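All chains, please: the whole structure from these sequences, using the hints.
Listed below, chain by chain, are the residues.
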Amino acid sequence: MDIYVLLKKTFDTEEKIVVSNGRIEDDGAEFIINPYDEYAIEEAINQRDEHGGEVTVVTVGDEESEKQLRTALAMGADKAVLIDTEDDLEDGDQYSTAKILEAFFEDKEPDLILAGNVAIDEASGQVGPRLADRLGISYVTTITALTIEEETAKIDKDVEGDIEKVEVPLPVLVTCQQGLNEPRYPSLPGIMKAKKKPLEELEIDDLDLDEDDVEAKTKTVEVFLPPEKEAGRVLEGELDDQVKELVSLLKDEAKVL
Amino acid sequence: MDFELTKEQQMIQQMVKDFAEGIIKPRAIEIDKEAKFPIDIFKEMGELGLLGIPFPERYGGSDGDTISYAIAVEEIGKVCGSTGLSYAAAVSLGASPIYYFGTEEQKQTYLKPLAEGKALGSFGLTEPNAGSDARGTKTTAVEDGTDYIINGEKCFITNASFAKTIIVTALTGKGDSGKDIISAIIVPTDTEGLTITSNYDKMGVRGSDTAEVILDNVRVPKANLLGDPTKGFKQFLYTLDGGRISIAALGVGLAQASLNKALTYAKERKQFGASISNFQAIQFKLADMAMEVELARNMVYKAAWLKDNQKPFTKEAAYAKLFATETAFRAANEAIQIHGGYGYMREFEVERYLRDAKLLEIGEGTSEIQRLVIARQLGC
Ligand SMILES: Cc1cc2nc3c(=O)[nH]c(=O)nc-3n(C[C@H](O)[C@H](O)[C@H](O)COP(=O)(O)OP(=O)(O)OC[C@H]3O[C@@H](n4cnc5c(N)ncnc54)[C@H](O)[C@@H]3O)c2cc1C
Ligand SMILES: Cc1cc2nc3c(=O)[nH]c(=O)nc-3n(C[C@H](O)[C@H](O)[C@H](O)COP(=O)(O)OP(=O)(O)OC[C@H]3O[C@@H](n4cnc5c(N)ncnc54)[C@H](O)[C@@H]3O)c2cc1C
Numbered sequence: 001m002d003i004y005v006l007l008k009k010t011f012d013t014e015e016k017i018v019v020s021n022g023r024i025e026d027d028g029a030e031f032i033i034n035p036y037d038e039y040a041i042e043e044a045i046n047q048r049d050e051h052g053g054e055v056t057v058v059t060v061g062d063e064e065s066e067k068q069l070r071t072a073l074a075m076g077a078d079k080a081v082l083i084d085t086e087d088d089l090e091d092g093d094q095y096s097t098a099k100i101l102e103a104f105f106e107d108k109e110p111d112l113i114l115a116g117n118v119a120i121d122e123a124s125g126q127v128g129p130r131l132a133d134r135l136g137i138s139y140v141t142t143i144t145a146l147t148i149e150e151e152t153a154k155i156d157k158d159v160e161g162d163i164e165k166v167e168v169p170l171p172v173l174v175t176c177q178q179g180l181n182e183p184r185y186p187s188l189p190g191i192m193k194a195k196k197k198p199l200e201e202l203e204i205d206d207l208d209l210d211e212d213d214v215e216a217k218t219k220t221v222e223v224f225l226p227p228e229k230e231a232g233r234v235l236e237g238e239l240d241d242q243v244k245e246l247v248s249l250l251k252d253e254a255k256v257l
Numbered sequence: 258m259d260f261e262l263t264k265e266q267q268m269i270q271q272m273v274k275d276f277a278e279g280i281i282k283p284r285a286i287e288i289d290k291e292a293k294f295p296i297d298i299f300k301e302m303g304e305l306g307l308l309g310i311p312f313p314e315r316y317g318g319s320d321g322d323t324i325s326y327a328i329a330v331e332e333i334g335k336v337c338g339s340t341g342l343s344y345a346a347a348v349s350l351g352a353s354p355i356y357y358f359g360t361e362e363q364k365q366t367y368l369k370p371l372a373e374g375k376a377l378g379s380f381g382l383t384e385p386n387a388g389s390d391a392r393g394t395k396t397t398a399v400e401d402g403t404d405y406i407i408n409g410e411k412c413f414i415t416n417a418s419f420a421k422t423i424i425v426t427a428l429t430g431k432g433d434s435g436k437d438i439i440s441a442i443i444v445p446t447d448t449e450g451l452t453i454t455s456n457y458d459k460m461g462v463r464g465s466d467t468a469e470v471i472l473d474n475v476r477v478p479k480a481n482l483l484g485d486p487t488k489g490f491k492q493f494l495y496t497l498d499g500g501r502i503s504i505a506a507l508g509v510g511l512a513q514a515s516l517n518k519a520l521t522y523a524k525e526r527k528q529f530g531a532s533i534s535n536f537q538a539i540q541f542k543l544a545d546m547a548m549e550v551e552l553a554r555n556m557v558y559k560a561a562w563l564k565d566n567q568k569p570f571t572k573e574a575a576y577a578k579l580f581a582t583e584t585a586f587r588a589a590n591e592a593i594q595i596h597g598g599y600g601y602m603r604e605f606e607v608e609r610y611l612r613d614a615k616l617l618e619i620g621e622g623t624s625e626i627q628r629l630v631i632a633r634q635l636g637c
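Protein chains in written order, with the numbering used here: chain Z, 1 to 257; chain U, 258 to 637.
If you're looking for bench data, these hints aren't it; they were derived computationally from the structure.
Beta-carbon label-pair distances, calculated as ranges:
{"hint": "1", "chain 1": "Z", "residue 1": "N46", "chain 2": "U", "residue 2": "G598", "range": "42 to 52 Å"}
{"hint": "2", "chain 1": "U", "residue 1": "D259", "chain 2": "Z", "residue 2": "A29", "range": "16 to 26 Å"}
{"hint": "3", "chain 1": "Z", "residue 1": "I120", "chain 2": "U", "residue 2": "N456", "range": "46 to 56 Å"}
{"hint": "4", "chain 1": "Z", "residue 1": "I120", "chain 2": "U", "residue 2": "T263", "range": "22 to 32 Å"}
{"hint": "5", "chain 1": "U", "residue 1": "N535", "chain 2": "Z", "residue 2": "P198", "range": "52 to 62 Å"}
{"hint": "6", "chain 1": "U", "residue 1": "G598", "chain 2": "Z", "residue 2": "E230", "range": "25 to 35 Å"}
{"hint": "7", "chain 1": "U", "residue 1": "L635", "chain 2": "Z", "residue 2": "K196", "range": "35 to 45 Å"}
{"hint": "8", "chain 1": "Z", "residue 1": "N46", "chain 2": "U", "residue 2": "N456", "range": "41 to 51 Å"}
{"hint": "9", "chain 1": "Z", "residue 1": "A29", "chain 2": "U", "residue 2": "E525", "range": "16 to 26 Å"}
Below, computed lysine-lysine pairings styled on DSS-like, alpha-carbon distance capped at 25 Å:
{"hint": "10", "chain 1": "U", "residue 1": "K369", "chain 2": "Z", "residue 2": "K196"}
{"hint": "11", "chain 1": "U", "residue 1": "K274", "chain 2": "Z", "residue 2": "K193"}
{"hint": "12", "chain 1": "U", "residue 1": "K369", "chain 2": "Z", "residue 2": "K193"}
{"hint": "13", "chain 1": "Z", "residue 1": "K16", "chain 2": "U", "residue 2": "K274"}
{"hint": "14", "chain 1": "U", "residue 1": "K290", "chain 2": "U", "residue 2": "K459"}
{"hint": "15", "chain 1": "U", "residue 1": "K293", "chain 2": "U", "residue 2": "K375"}
{"hint": "16", "chain 1": "U", "residue 1": "K264", "chain 2": "Z", "residue 2": "K196"}
{"hint": "17", "chain 1": "Z", "residue 1": "K67", "chain 2": "U", "residue 2": "K274"}
{"hint": "18", "chain 1": "Z", "residue 1": "K16", "chain 2": "U", "residue 2": "K264"}
{"hint": "19", "chain 1": "Z", "residue 1": "K16", "chain 2": "U", "residue 2": "K524"}
{"hint": "20", "chain 1": "U", "residue 1": "K364", "chain 2": "Z", "residue 2": "K193"}
{"hint": "21", "chain 1": "U", "residue 1": "K282", "chain 2": "U", "residue 2": "K524"}
{"hint": "22", "chain 1": "U", "residue 1": "K488", "chain 2": "U", "residue 2": "K572"}
From the structure, some residues in chain Z lie toward chain U, with a derived Cβ separation under 7 Å:
{"hint": "23", "residue": "R70"}
{"hint": "24", "residue": "T71"}
{"hint": "25", "residue": "Y185"}
{"hint": "26", "residue": "P186"}
{"hint": "27", "residue": "S187"}
{"hint": "28", "residue": "L188"}
{"hint": "29", "residue": "P189"}
{"hint": "30", "residue": "I191"}
{"hint": "31", "residue": "M192"}
Keep in mind the model is a prediction, meaning the values are calculated, not measured. For every residue, glycine included, the Cβ atom is placed at its ideal position computed from N, Cα and C.
This is the structure in structure tokens:
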């Protein structure tokens, strides 16, 4: 099977994030593989181990994304492709990414493409479905189980906590949800071997694309951090009074009622 | 000069950090409290190749370097001193001597399972009456046909209760100048006459196994002698030089953990209407801690780099061990102080860091012995 994984690097939202001049400060931010993409890598490796074939991880990013690709190789992927847009694309969006990936897949015949359900930074969940649409293949989002028999993928899809059972013919693009698997830690020998695995670097030029072709369709108006959580307040007094006070606070102060 | 870690080193750091925080950290308090060696964690570490970092692939290792290994020890030390010590001892003392001095056959038989993480190894040097003064070794190995018969007693041996092999130092005869010859011999722990008991009730590193080993007419083939039969003493000095880098790295881990906890707490804790991190008295403590952690880490990396580049590193390993372990103790002590009464309580963990850090100033050469080593290197 020819298996592809779409992955991207994101900053670690559990570390401190600094916003200045409407941008997230890159210096000092910790970058990781988007956690949902880790499920995709793990699943790809498991499917390959079961059915044979090859796993290629693809990212649209910059030079620094090599670290995340190498980590995927260390986990067990076979090949990596870095599409470096640093020089050509000021502010890409989901449209840009899907367009670039479409061009990348033009001469490929994937059986299975796995992506994360969402990226934790922008959380749009769009790149996977957009790409599938452009490639004219089926897609299933938020999957929590995947079995492949012959040319059919049997899938559990998470629908707000319930499960929908889906069967689709290959090729298919899926986006991976928590619960699908438990991503492995890359092993030490894996890390050492990763440096010998092929990592191809492309620019949009190599995909016959111009800057204009991939220009973003959206504009970022403002970037800001969520307001800091304020200290909670414990109400006091008789229970009845507390309830009344709570209701009036929700109405007048929090204005949620 | 280049102060950046390589991509592989960064990846190893990230992986070990994730593993330490995900698997070891949630159990660190329990490991200390129950003083129970977490053998299952070592199994997992073995599967990830952590026990074979500085050894080549042909001996079951991961083909990493000393810097990577030091990074791994630091990351584990940040969450659990007990696991960190047993890890450092297994690699630096249990396995490394076989890699440095073993024959090809010894490496295949004894190093491979250790590097692959399928078994643990120990190093038995210390005796009840020979600690800092290893020349005072009383254990003897007497030739008998094709065997050695070993008699003696070893104490404070890390991992021995869980080890497959113990490298035991013993007197094997006298040299031309009449001086005792001390050699190192690989003793499989299932050999008859070997008794291993771990009854120590320790102050810190309580989850690290520490055992007493009694050798009563233990018979092993002469082929188990490690390295040059006349240079045993020099060999284990070299082994200890390497081990010091890992103990230093463990110190850096504990010190960094102390700093992290203290800084977070100081920002949260309010007294006199302000976060205590606003008080200069607290700021100066944190500033000193941060500086010392960084200096210690740089010294560890330098010593490891020298070793990786086949340059002399005895003095630098002693600097690193001495400074990093004393830094760990100071940092843990200050972290408790910054936590006030809470720091004295187990659940805040900093008191454990202090107990664990204390061992680092004793094991693999006390702080005094490090100063002796440095002075000797200075030509005194
Ligand atoms: C938890 C733990 C794990 C250990 N693991 C191992 C292990 O795996 N393998 C192993 O072989 N050993 C191990 N040890 C033993 C450890 O290496 C020794 O405890 C250490 O070397 C000190 O020896 P000692 O305890 O006999 O103290 P001593 O040598 O009796 O020292 C007592 C004091 O005298 C000082 N002193 C001694 N000589 C001098 C001198 N010439 N000048 C100035 N001061 C001096 C020392 O610095 C120390 O302060 C372990 C110990 C512990 C506690
Ligand atoms: C075993 C034990 C027994 C105890 N017994 C009693 C008891 O019987 N009765 C009782 O009432 N209490 C008791 N205590 C509480 C003890 O007195 C307090 O823990 C102590 O006063 C410190 O207060 P704290 O823990 O709130 O630390 P904090 O006051 O929060 O101090 C945290 C750190 O900030 C520093 N700090 C605070 N303010 C400043 C400042 N303005 N400038 C510079 N540094 C500052 C402190 O020195 C400390 O390093 C006990 C505590 C323990 C651990």
